[in-house]
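**Student:** Sequence order for the protein chains is A and B.
For the first sequence, our numbering gives the first residue as 16, with consecutive numbering after it.
For the second sequence, our numbering gives the first residue as 123, with consecutive numbering after it.
Keep in mind the hints are simulated off the structure, nothing from the lab.
Be aware that a few hints might be false.
Unchecked claim - Here are the computed lysine to any residue pairs in the SDA-like style, where the Cα-Cα straight-line distance is at most 20 Å:
(1) K101/A with H208/B
(2) K458/B with R234/A
(3) K279/B with F191/A
(4) K281/A with T299/A
(5) K450/A with K657/B
(6) K424/A with L668/B
(7) K44/A with L61/A
(8) K657/B with K102/A
(9) K657/B with F190/A
(10) K102/A with G207/B
(11) K659/B with S181/A
(12) K194/A with K659/B
(13) K447/A with L317/B
(14) K101/A with A206/B
(15) K610/B with P599/B
(16) K262/A with L317/B
(17) K458/B with D87/A
(18) K450/A with K44/A
(19) K101/A with P390/A
(20) K440/A with H676/B
(21) K657/B with D22/A
(22) K194/A with S633/B
(23) K659/B with D22/A
(24) K82/A with P390/A
(25) K447/A with S633/B
(26) K440/A with E211/B
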Amino acid sequence: MTRTVTDVICPFCGTLCDDLEVVVSDDGKELHEVYNACAIGAEKFLHSQAKDRITRPRMRQEDGSWKEISYDEAIEYTATMLAEAKKPLMYGWSSTNCEAQAVGSEIGEAVGAVMDNTATVCHGTSLIAVQDIGIPSCTLGEVKNRADRILFWGCNPAHAHPRHMSRYSIFPRGFFTGKGHTGRKMIVVDPRPTDTASMADIHLQIEQGRDYELLNALRVAFKGEKLPDVVAGIPKEKIYEAAETLKSGRFAIIFFGMGVTQSLGKNHNIDEAIAVTRDLNEYTKAAIMPMRGHYNVTGSGQVWGWQFGFPYAVDLSRGFARYNPGETTSNDLLRRDEVDAVFVLGSDPGAHFPFSSVKKIYNLPSVVIDPHETPTSEVCKVHVPVAFVGVEVGGCAYRMDNVPIETRKVVDAPEGMMTDEEFLKRVLGRVKEIKGV
Amino acid sequence: MAEYLIKNGLVFDPVLGIKGDKADIAIKDGKIVETTALSNPKVIDATGKTVMAGGVDIHAHVAGPKVNVGRNFRPEDKLFNCTAGHGIERMQGGFSVPTTIRTGYNYAHMGYTTVMEAAMPPLYARHTHEEMRDTPILDQGAYPVFGNNWFVLEYLKNHEIENTAAYIAWLLRATKGYAVKVVNPGGTEAWAWGLNCENVHDPVPYFDITPAQIIKGLIEANEYLGLPHSMHMHANNLGNPGNYTTTLDSFKLSEGIKPNSKFGRDQVMHHTHVQFHSYGGDSWANVESKATEIMDYVNSHDNITIDMGQVTLDETTTMTADGPFEHHLTELNHLKWANADVELETGSGVVPYVYSPNIKVCAIQWAIGLELGLLAKDPMRIFITTDHPNAGPFIRYPRVMKWLMSQEAREQQFDAFKHKDKVIDATNLAGIDRELDLYEIAQMTRAGPAKSLGLSHMYGGLAPGLEADVAVFDFNPNEPYAPDDIEKAFLNAEHLFKAGVQVVRDHEIASNGNKRTLWVNAKVNENPQVMRDVKEKFLRYYTVTLNNYEVSGHYLPNPYVIEVDATE
Ligand code: SF4
């Protein structure tokens, strides 16, 4: 027999869909089927069922092979490594729940770590821009119920956030948007002809790295001022058309992704994108929202916000919280040899950091907490597999619009496996013993 | 649990009616008891010191999404303002929007033990509770906002009080909320289209209702339920010259309505941060105080309570569910602006602000707040707040006390203004020589707010049976003192007890306490129509499912539930 769990939250991307249905065996040990999720979301659930899943911590030997160790040994190694380090880096946090993040930051506080999350290589620039200029934003339901002008800038939700357009932005019929996508105008800014761009009413095929200029040109166009014939590779007529389309809407929303946060200009691009949104509010209602990637990268910024006052790159090594992106960000620290141990939980820097940084991790005492084998587990000294958050244990996560949703446990983790939170609590206890507090 | 005897203090307690007489306060099992009930207490010598109940803050923005926006988007608020942890204290940071840890400690240092978060967007209730959970020491509750909620707008358009009440009861339970908050009724919904409702008769776009109908209807629904607190109101037209007429219009909507609550309150409307709602004139050039007109009304109508919203002349971070106001403010000061509209429910904005003593308007605002406090005939109905952090950070409460208690302190401040004469012309403060005493301060910071919240059975006084929330301040009102001594003493309590636990000892944090989260569980008759409406709205317009909306118990590790029965 099987039973179906409804209202399940998908712990994959920042869309944080909460309408999944999951079929599990009656005893709650096996997960059979996932409904309503997109392909990547469903895969996350099904992945937990892999028969060859690693279920015990392991330590790398001199010869490069792995030796299975107990959770107790893994806790001892982790706690000792962190307590003895002068300035450990505790990185990741985007694929776990807020409860684990809160315990993690308590450990960071006890050992004087630098706490950083994946924003450091994706939307950190957006967070800096928000500190410069603020951000007029809204929840995704406002988009669904009101927005008739949708702009995707440097992002490709068709692939990266597959249900975003159907749940919130393009297709749904909301209270004031009864016509669904036929009542909406869609603009895409992307140098590539992506699947998202192919659906757009207007595709501004911008020259790579010219985002700032085009954003600036839009502000000029809003005011009806003169533009050069071509800006960022786009004829001015098309820019005036896009500007007019945005202004003539009742509610405009700009979604932006890493194509603009990590291209030339970085946070300055986002400054300008937010300025575009501010300007639009002179004519109509407008909002802007980053397309956050990991399902709970937003949550780690929230937890550190209320505990320390900063959303990422929080350096606790001096006994109080400091924040200075460029100095206290992971890659800068690694490349300058400023950290002497690396702890990774809830992300995969091995796959996403520059190779020079990955090499540094390889040469340092290091622990990775992750249910999967990843490029990071390939370079760390100890790998601790844990239960899947949102599949095998619940807990709070924040959607890309900062709305918190409590993820659900749908199946049991394999016998004897720990959760992130349990593991961290044990490490915290041991750190306190070692430090004598 | 340890027993304590606080001996020989100069006690100020409106509940017992003690006005600075020497008395002993006994603590046992978390409660105040008769001294005879103690067997072997630890003795605290309070000779020559002021003893009061723990402070109760009726209105502050200390937890939740907009507060965290304020923290995360203002790294400059942490400049020179981060302190290392030591002993049992964790790291802290921030001035106008402190971290949760600092919030708990700073309130404790001021002798406060209970603080209400003044605006919780229901969809973000979980976030608000997460922050409150991480705020040490304080008992807290949060007010979900109702004034722009689609259910409320639709029910009240047809004056459906019973349905509104059933919905309120449902939402309080789902969000673990404490009271009915209203912010710029109708105006924030209008802001979702870039518009506003500036007076009580402006129609709300699309919804075919006016702010007046919303206000009156919510008061009636609140009394139908008999909730501990009254409807908690932030009126339309905040912060605009000439807005005092809107405020009076809003007050008047409470006329003829009597409180129906078993919790001992006498008011049906609490109007918050009234300073921002007491302006005459028709532009910033001729703005003037209308505090006298406002207080004439408040003094003669005992079914209203208010708080001050005192401007403290600091750099701070404004934040409110009044979305259009924050947009207006960023147009005015050109500083950074965050906005967050929340589907079906509310909106909010955050903008930094500098209240400079060199700017005439800021100085006028400062004077208006103090006029409200000094013109109060009944200090049990007018409370000290700064609408933290909107008019200033809460750590300025002792400074506000100083200004209220000392004409000399007010004169010093007047002398420091760049436009002193213009400020004197536009306000009445210079002509007021009243100086409040500590008994009145205890009314405005303890007994009064506790009563208004419907919590006088727990907080606000030192009578046996109440929670053992007791503060000892190193201040002797019978000896000569300078105005600044008031601020110094009340910023730095010598001892503080929270529910019988000593949380401050010799001015140092001694315990993180055992904080509780208060929420109100109102029982109503089954209402299939409201439940059907809820289901439908979630299906069609919300972006989370109904089953994922309710805040589960694990966000409130130490809940204190107040039960209300409205089934009869
Ligand atoms: S869109 Fe994102 S959250 Fe939704 S099902 Fe797909 S991966 Fe999961």
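**Student:** Now tell me, hint by hint, if it's right for this structure.
**Tutor:** Hint check results:
1. K101/A with H208/B: holds (18 Å)
2. K458/B with R234/A: holds (18 Å)
3. K279/B with F191/A: Measuring from Cα to Cα gives roughly 19 Å; hence the hint holds.
4. K281/A with T299/A: violated (27 Å)
5. K450/A with K657/B: violated (53 Å)
6. K424/A with L668/B: It holds: about 18 Å lies between the C-alpha atoms, which stays within 20 Å.
7. K44/A with L61/A: holds (13 Å)
8. K657/B with K102/A: Measuring from Cα to Cα gives roughly 51 Å; hence the hint is violated.
9. K657/B with F190/A: Holds: K657/B and F190/A sit about 15 Å apart, inside 20 Å.
10. K102/A with G207/B: holds (17 Å)
11. K659/B with S181/A: Given pair K659/B, S181/A holds - Cα atoms ~18 Å apart, limit 20 Å.
12. K194/A with K659/B: Measuring from Cα to Cα gives roughly 18 Å; hence the hint holds.
13. K447/A with L317/B: violated (54 Å)
14. K101/A with A206/B: holds (17 Å)
15. K610/B with P599/B: Measuring from Cα to Cα gives roughly 13 Å; hence the hint holds.
16. K262/A with L317/B: holds (16 Å)
17. K458/B with D87/A: At roughly 49 Å apart (the allowed maximum being 20 Å), D87/A and K458/B break the hint.
18. K450/A with K44/A: violated (40 Å)
19. K101/A with P390/A: violated (26 Å)
20. K440/A with H676/B: Judged against 20 Å, a Cα distance of about 17 Å means the pair holds.
21. K657/B with D22/A: holds (14 Å)
22. K194/A with S633/B: violated (58 Å)
23. K659/B with D22/A: holds (16 Å)
24. K82/A with P390/A: holds (18 Å)
25. K447/A with S633/B: holds (18 Å)
26. K440/A with E211/B: holds (19 Å)
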